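**Student:** One letter stands for each residue in the lines below.
Number of protein chains: 2
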Amino acid sequence: MTTQQLIDQIKIKKSFLCVGLDVDLNKIPKHLLELEDPIFEFNKAIIDATHDLTVSYKPNTAFYEAYGIKGWISLQKTINYINEKHPEIFTIADAKRGDIGNTSSMYAKAFFEDLSFDSVTVAPYMGKDSVEPFLAFENKHTIMLALTSNEGAFDFQTLNVDGKELYKQVLGTSKTWKNSENLMYVVGATKAEYFTEIRKIVPHSFLLVPGVGAQGGSLSEVCKYGMNDNVGLLINSSRGIIYASNGTDFAEVARAEALKMQQEMEEIISLKFKV
Amino acid sequence: MTTQQLIDQIKIKKSFLCVGLDVDLNKIPKHLLELEDPIFEFNKAIIDATHDLTVSYKPNTAFYEAYGIKGWISLQKTINYINEKHPEIFTIADAKRGDIGNTSSMYAKAFFEDLSFDSVTVAPYMGKDSVEPFLAFENKHTIMLALTSNEGAFDFQTLNVDGKELYKQVLGTSKTWKNSENLMYVVGATKAEYFTEIRKIVPHSFLLVPGVGAQGGSLSEVCKYGMNDNVGLLINSSRGIIYASNGTDFAEVARAEALKMQQEMEEIISLKFKV
Numbered sequence: 014m015t016t017q018q019l020i021d022q023i024k025i026k027k028s029f030l031c032v033g034l035d036v037d038l039n040k041i042p043k044h045l046l047e048l049e050d051p052i053f054e055f056n057k058a059i060i061d062a063t064h065d066l067t068v069s070y071k072p073n074t075a076f077y078e079a080y081g082i083k084g085w086i087s088l089q090k091t092i093n094y095i096n097e098k099h100p101e102i103f104t105i106a107d108a109k110r111g112d113i114g115n116t117s118s119m120y121a122k123a124f125f126e127d128l129s130f131d132s133v134t135v136a137p138y139m140g141k142d143s144v145e146p147f148l149a150f151e152n153k154h155t156i157m158l159a160l161t162s163n164e165g166a167f168d169f170q171t172l173n174v175d176g177k178e179l180y181k182q183v184l185g186t187s188k189t190w191k192n193s194e195n196l197m198y199v200v201g202a203t204k205a206e207y208f209t210e211i212r213k214i215v216p217h218s219f220l221l222v223p224g225v226g227a228q229g230g231s232l233s234e235v236c237k238y239g240m241n242d243n244v245g246l247l248i249n250s251s252r253g254i255i256y257a258s259n260g261t262d263f264a265e266v267a268r269a270e271a272l273k274m275q276q277e278m279e280e281i282i283s284l285k286f287k288v
Numbered sequence: 014m015t016t017q018q019l020i021d022q023i024k025i026k027k028s029f030l031c032v033g034l035d036v037d038l039n040k041i042p043k044h045l046l047e048l049e050d051p052i053f054e055f056n057k058a059i060i061d062a063t064h065d066l067t068v069s070y071k072p073n074t075a076f077y078e079a080y081g082i083k084g085w086i087s088l089q090k091t092i093n094y095i096n097e098k099h100p101e102i103f104t105i106a107d108a109k110r111g112d113i114g115n116t117s118s119m120y121a122k123a124f125f126e127d128l129s130f131d132s133v134t135v136a137p138y139m140g141k142d143s144v145e146p147f148l149a150f151e152n153k154h155t156i157m158l159a160l161t162s163n164e165g166a167f168d169f170q171t172l173n174v175d176g177k178e179l180y181k182q183v184l185g186t187s188k189t190w191k192n193s194e195n196l197m198y199v200v201g202a203t204k205a206e207y208f209t210e211i212r213k214i215v216p217h218s219f220l221l222v223p224g225v226g227a228q229g230g231s232l233s234e235v236c237k238y239g240m241n242d243n244v245g246l247l248i249n250s251s252r253g254i255i256y257a258s259n260g261t262d263f264a265e266v267a268r269a270e271a272l273k274m275q276q277e278m279e280e281i282i283s284l285k286f287k288v
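Protein chains in written order, with this note's numbering: chain Y, 14 to 288; chain C, 14 to 288.
Honestly, the hints are just simulated from the structure, not real lab data.
Bear in mind that the values here come from a model prediction, so they are computed numbers and not experimental data.
Be aware that one or more of the hints could be misleading.
For identical chains, the list gives no copy identity; a pair is met inside one copy or between any two copies.
Stated by the list, open to error - Computed list of lysine-lysine pairs in DSBU-like fashion (alpha-carbon distance at most 30 Å, straight line):
1. LYS26 - LYS237
2. LYS43 - LYS122
3. LYS122 - LYS191
4. LYS40 - LYS188
5. LYS213 - LYS285
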């Protein structure tokens, strides 16, 4: 998917919501556990109930790997289902990978070719040659961790490096890499005041924003400081939507939660762009 | 496996070699491609030929994920084969994972419980709560990236943070985390002169050292500056051993290469410890 196609979808759906498919067998409705592939059935129901309200789905690979081969099969079925039924949806493999060059190429092949995701999240610690192999794929997107939403973000990401926080150094340096136009960045909503500074470094890039809702971040604050002329934000919600109910009505309740967020987003878009 | 059991094995085998099982279908002998699971058959042959010369095997997960579900099955069969046939071998899932707390727990479950690896590599960028869930597993080991062997290591890892390079900050901070005695660190052999400084911060920890051989690092230099009283090093070699031949004699030639390294290690151990 091209960036323009993503922007078009945001305008059509009046939504920049990303639904995180972080499926934990201990949290999904009990009645699904009797089915052959509870994880896929859960995802399928969530997708069927929310696809018109969201522009993106983001399975976190950890939740699938935890169930071994079965989990990997559920992941494959989930991405295939999205790509077949809703090819307009921007898919994110939240994998936070990164390794030396030839090894990163294997990861890129895994997520972009074998699984056909539109994008994958990567970690920056190993530098340029660990990220560039991902950037080489046309119309695929590499979403690099910049400033994450967790407490540990303050351990290293905000350390002062020659007068500038490390995450700013990461943002700035990444712009010099080959095919850097294929980069997006993870910036946590819990740090809304940081968005002003971040937008000075990467004004045009899409930012994937976790941490709204469950982790305490505010949608309006993030939009105030982080939005650009193409919206430029994907706001992720996982637990707040998919686990809003663990009864037989889970998909319906998930839809209601997604709708609330979409309506808030529609209002923000209409105020900002006067549409 | 306990750290003491690993040390005992190093003494028994007079080896601190780790063989990297980074299996690329384009590089393995052609005759294996006709078999049902070429990746597992390749690993099995390498393991059968080298298990008495090495104390550790390290499959890099990227090479398995690149083949999707099939690859994940090959990884499962490989780790099961090692654990059943050679339970004395220290196994490393080279996965370089790391995510927010509850998600890192899922990764830990995947590698320590579902796949039964002794250890897993992790990336430090997301800080304390992204690593501690791995450290909570008893007799399991978490090998954190400190200073990697690739060129990109100089992009961020060696940046000056308050008068100290970032990787030193990472080493120092990690020692304050809960169950930090379960930490080991990745330090590239291509930077042998850095080992002196690193040993001042983590004198007792095991260091997993990639980059000897193919990437140009010197075994004797690494040992000179990096060895501690328990050896404290695992020297990884992947391509130099497993792809030494791509003919039908590949396992035999891999053994010959592993033997060369083991003999060099035996000499270093006997000089250092006068045994």
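**Student:** A separate judgement is required for each hint: does it hold in the structure or not?
**Tutor:** Now for the hints, and whether the structure bears them out:
1. LYS26 - LYS237: Within one copy only: 20 Å inside, 62 Å across.
2. LYS43 - LYS122: between (36 Å within a copy, 22 Å between copies)
3. LYS122 - LYS191: Close inside one copy (18 Å), not across copies (36 Å); limit 30 Å.
4. LYS40 - LYS188: neither (40 Å within a copy, 34 Å between copies)
5. LYS213 - LYS285: within (19 Å within a copy, 55 Å between copies)
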